[in-house]
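Trainee: Protein chains in written order, with the working numbering: chain A, 6 to 118; chain B, 12 to 895.
Treat the hints as calculated values from the structure; they're not laboratory data.
It is possible that some hints are incorrect.
[Claimed, not checked] Estimated spans, in silico, between C-beta atoms of each pair:
#1 B:47 <-> A:43: 39 to 47 angstroms
#2 B:488 <-> A:102: 35 to 43 angstroms
#3 B:48 <-> A:28: 27 to 35 angstroms
#4 A:102 <-> B:468: 20 to 28 angstroms
#5 B:48 <-> A:90: 40 to 48 angstroms
#6 A:102 <-> B:870: 52 to 60 angstroms
#7 B:452 <-> A:113: 42 to 50 angstroms
#8 B:488 <-> A:46: 17 to 25 angstroms
#9 B:890 <-> A:113: 53 to 61 angstroms
#10 B:48 <-> A:77: 17 to 25 angstroms
Positions of the beta carbon are idealized from the N, C-alpha and C atoms, including for glycine.
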Amino acid sequence: MNANNPRDLFPGALEMMILRTLRLQPMHGYALCQYIKRASDDLLQIEEGSLYPALQRLLKNELVTAEWGVSSTNRRVRIYRLTAKGRKHLAHEVSAFERMLEGVTRVLAPAKS
Amino acid sequence: MNWITQLRRRNDLCDDLSAEIRGHLEERTQELIEAGMSPAEAAASAQREFGNATLIEERGRETWHWMWIEDFLADVRYGFRALRKNPGFTIVAVLTLALGIGANSAIFSLVNAVLLRSLPFPEPERLVSFSAHNWYPQGGFVAMRSSLRTVDVAAYLEGEGLNLTGQGDPQRLYGTEVSAEFFSLLGVHPKLGRVFQSGEDHPGRDSKVILSSALWQEKFRGDPGIIGRQITLAGVSREVVGVMPAEFQFGSPKTQLWIPFAFDPRSDTYWQRDWVPIIGRLRDGATPAGAQAELQVFQSRLFALFPGKLPSSTWQPARVISLQQQIVGDVQPKLLILLGAITLVLLIACANVANLLLARAASRKREIAVRATLGAGRWRICRQLLAESVLLGIAGAAIGLALAWVGVAWLKSELPAESIPRLPTISIDPLVLLFTTAVGICTGFIFGLAPALQLSKVDLTESLKTGSKNTVGGSQRLRSGLVVSEIALAVVLVTAAGLLVKSLWQLVHVDPGFRSESILSARLTPNQAFCADFSRCQSFYSALLDRVRALPGVHGAALVNALPLNGRVAFIAARFEGYPQDTGNQPEPLIFDSVITPEYLSVMQIPLLEGRGFTPSDSAPKAEPVALITASTARKYWPGEDPVGKHVRAAWEPQDPRDNHWRRIVGVVPDVREDSMAQTLPDWIAGAIYEPYSAHAVLIDRRPATEMTVVMRSSNDAASISGALREAVRELNPEVPVTEVQTLRAVVDKSVSAPRSIMLLFAIFAGLAIVLGAVGVYGVISYSVAQRTSEIGVRMALGASRGKIQSLILGHGARIALMGVGLGLMGAFLATRLMASLLYGVTATDGMTFIAVAVLLSLVALAAAYFPARRAMRLDPLVALRYE
Chain A
6 MNANNPRDLF
16 PGALEMMILR
26 TLRLQPMHGY
36 ALCQYIKRAS
46 DDLLQIEEGS
56 LYPALQRLLK
66 NELVTAEWGV
76 SSTNRRVRIY
86 RLTAKGRKHL
96 AHEVSAFERM
106 LEGVTRVLAP
116 AKS
Chain B
12 MNWITQLRRR
22 NDLCDDLSAE
32 IRGHLEERTQ
42 ELIEAGMSPA
52 EAAASAQREF
62 GNATLIEERG
72 RETWHWMWIE
82 DFLADVRYGF
92 RALRKNPGFT
102 IVAVLTLALG
112 IGANSAIFSL
122 VNAVLLRSLP
132 FPEPERLVSF
142 SAHNWYPQGG
152 FVAMRSSLRT
162 VDVAAYLEGE
172 GLNLTGQGDP
182 QRLYGTEVSA
192 EFFSLLGVHP
202 KLGRVFQSGE
212 DHPGRDSKVI
222 LSSALWQEKF
232 RGDPGIIGRQ
242 ITLAGVSREV
252 VGVMPAEFQF
262 GSPKTQLWIP
272 FAFDPRSDTY
282 WQRDWVPIIG
292 RLRDGATPAG
302 AQAELQVFQS
312 RLFALFPGKL
322 PSSTWQPARV
332 ISLQQQIVGD
342 VQPKLLILLG
352 AITLVLLIAC
362 ANVANLLLAR
372 AASRKREIAV
382 RATLGAGRWR
392 ICRQLLAESV
402 LLGIAGAAIG
412 LALAWVGVAW
422 LKSELPAESI
432 PRLPTISIDP
442 LVLLFTTAVG
452 ICTGFIFGLA
462 PALQLSKVDL
472 TESLKTGSKN
482 TVGGSQRLRS
492 GLVVSEIALA
502 VVLVTAAGLL
512 VKSLWQLVHV
522 DPGFRSESIL
532 SARLTPNQAF
542 CADFSRCQSF
552 YSALLDRVRA
562 LPGVHGAALV
572 NALPLNGRVA
582 FIAARFEGYP
592 QDTGNQPEPL
602 IFDSVITPEY
612 LSVMQIPLLE
622 GRGFTPSDSA
632 PKAEPVALIT
642 ASTARKYWPG
652 EDPVGKHVRA
662 AWEPQDPRDN
672 HWRRIVGVVP
682 DVREDSMAQT
692 LPDWIAGAIY
702 EPYSAHAVLI
712 DRRPATEMTV
722 VMRSSNDAAS
732 ISGALREAVR
742 ELNPEVPVTE
752 VQTLRAVVDK
762 SVSAPRSIML
772 LFAIFAGLAI
782 VLGAVGVYGV
792 ISYSVAQRTS
802 EIGVRMALGA
812 SRGKIQSLIL
822 GHGARIALMG
832 VGLGLMGAFL
842 ATRLMASLLY
852 GVTATDGMTF
862 IAVAVLLSLV
872 ALAAAYFPAR
882 RAMRLDPLVA
892 LRYE
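Can you build the whole structure from these sequences, using the hints too?
Mentor: Here it is in structure tokens:
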């Protein structure tokens, strides 16, 4: 594997990022996609399309809701909004992720301790 | 959103998704155009960046598919992986289940074929029989046939022996007499030719015969030109009118041909002899209740029709029952007992696998904890574990099916065909497949549930942090509980098996009243026509006996009309001198009447208790009629008196003062088990006498006995004697078939084959139960030793002796064993009385058996605990302390 390639995401990461983004403000799919790309500075490889199945999963688990609205560019778009359940789930996921990250970091840098 | 709403809204959701994706692509295209691309380039580029839109849409849609199916499949895949990772466990568990399920399916296929499957005739639910007393005199049947309006009836009588001659060696065939409408009532069609027609059961028109497919193939090489041919049966020529298909079977599988009754009102058999069983088919619109009411009215009229006296108890009010019920009535309880017993075996197997799962639980704790951390709820984990056990159950069912297939073949060969109706039809049919699958899935749930609940109750931080092998205390208790119940179930089964073993032991050690060693018997069946002149018959037999006695190695030979325990009895309605007679409705008692030649008693080694035996002069035509009486009969009819010199006679003989039909009793012999090893006399028989083979000795059909069995005491092997016997018979009369050549030992063995096979099945079940129970004890004890290794180390370090350690562990085993045995004895006490009908000479709560079983299973359990205990004792304290 070429080390310079952007990394694939681990399962659940995309959902986590979507939820995190939606916590800032409700958004439609295209905007979400643009935002995540920009925010990650292209370090993570996100296939634009994979956003939509992820959104469907979130919808199904009632972590987000969606309704048709009008975008700033005056298009008819489906705007996603974080639910209370989504907010809680995000918090839980983030803390679990951070614990995991901490563990991984410790293992990767054993000399420091 | 529950799944119903999801289902309803799914199409909307998917449409939204498509619109959304279109919008996304448009937006991106627009942006690229604004950035200076040509519209075509922009669209292509947007597509490229987005990826495969169709695929993505598809994946989006999939999200809304029914979740449980997806989850289920995922669980199954995961379960597969988990099981493959642990092949040792998987193999043991699957084999244990396969044994349990396979045995269950085999027994179930028996139950299915005998009890559940409907009779293979059109509209089987309308076929009926009459309970209570289903036998009617021929005249009664003819009257019934013409008068009943709600039900069509047919009569049949199995077991007609017929000599087939003119087709190579004379052959004895097993025939069934049927009334003309028998086949059409059942709704069966012949393979060739036709069935009997109305009127063909009248004398003069009855010389027809229908062959079974097997006989047609075997004796006539499947000749299609057989229809219309004449064959000679019992010396009478009959026209073959039909051949039945191979699958047709009614009653005994031994039936080789069918001949019509010859209902003849002038014949004395019309009312007296050959009472026949009757089957019926409800007419259109008739109900069983209607038929029953009509039959009861008919029965009351039947008394008036009857020419002789009948006891009022002859016909209890008939109950109309299904023919199926009639056919299987006797075996139903036996089969249900077997099914119950085999279910216990399966439960033991389940407990064992549950135990294995629990033992494995410890090592899976971390895995489960990780899944829980990743957000799987308890129910989700439970479901996942259950999927795994159901997979095990299904795998067990698959292999079990193969075992069941072998088991069914074994049952077919092992069980006596006479004692179980429709035995040849047992097979693994779709219902058995369904049953096996269902049992596989259910057992998966049964043994998987407790471990799944236990395991999904993980303490996350604890398990993740330490990865400790210390299991939750509850698990150990649960495991011990499972083993206790295993032992208890095993005790129930072993007790049942023990009772049956003891019954069989008693049964085969019953003194049958004769010695069966080195006696060969063979049945000779001259045609009735040949014996019409009785003296001709008698001289044939006496010449034969002379020849047989001259054979090398033969020490004695004699004749008897009905060999004991051979399934055939001969009887007369008798009157005893001086015994209070028919008070109105009391019928004449039926008694066994054995017709013998003088040497019979010495060949069979039946001792003489009083008086004298027979001499050749007793058989002379003008000799005074004499008889021997059995001890219990003498006690019954002449209590406290000397029976020698008393008289007995057949009830129907004219009471003419000049007659000499009274037979003078000349001696007393011990009782012989004529009909079954279990009883001296069956309920419907009042006594037994012996008569010399002579023209006086007429049986219930009022003819001198002609079909006789020759018994020979010999030191030579059976084969050479039977060869010489056949040769002698052929020379004296080439038309007499020699059949049923067998040692008396084999006859006695066969008479207990039904209880023996049931006992054998139970012994197998009990063996399985013991092995599974022992494995369970071993597993739970060795697991607890592993658990307590460090504790044992500490104990040793503190000075506990090795013996102390061993008894500590053995004590654990003993507690489990005692609890299991105790519970099991209670269970057995309640359960074994269900099988009282199968027992002989032993009560359902036989103390000796219970004690023996308790001791046996305790020893087995202790032995199973001994090995882990010894391992514990030999632990090196240092290693044990460092353990973990």
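Trainee: Next, verify each hint and record whether it holds.
Mentor: Status of each hint after checking the structure:
no., hint, in the structure
1, B:47 <-> A:43: 39 to 47 angstroms, "violated (20 angstroms)"
2, B:488 <-> A:102: 35 to 43 angstroms, "holds (38 angstroms)"
3, B:48 <-> A:28: 27 to 35 angstroms, "holds (34 angstroms)"
4, A:102 <-> B:468: 20 to 28 angstroms, "holds (26 angstroms)"
5, B:48 <-> A:90: 40 to 48 angstroms, "holds (41 angstroms)"
6, A:102 <-> B:870: 52 to 60 angstroms, "holds (59 angstroms)"
7, B:452 <-> A:113: 42 to 50 angstroms, "holds (47 angstroms)"
8, B:488 <-> A:46: 17 to 25 angstroms, "violated (57 angstroms)"
9, B:890 <-> A:113: 53 to 61 angstroms, "violated (36 angstroms)"
10, B:48 <-> A:77: 17 to 25 angstroms, "holds (22 angstroms)"
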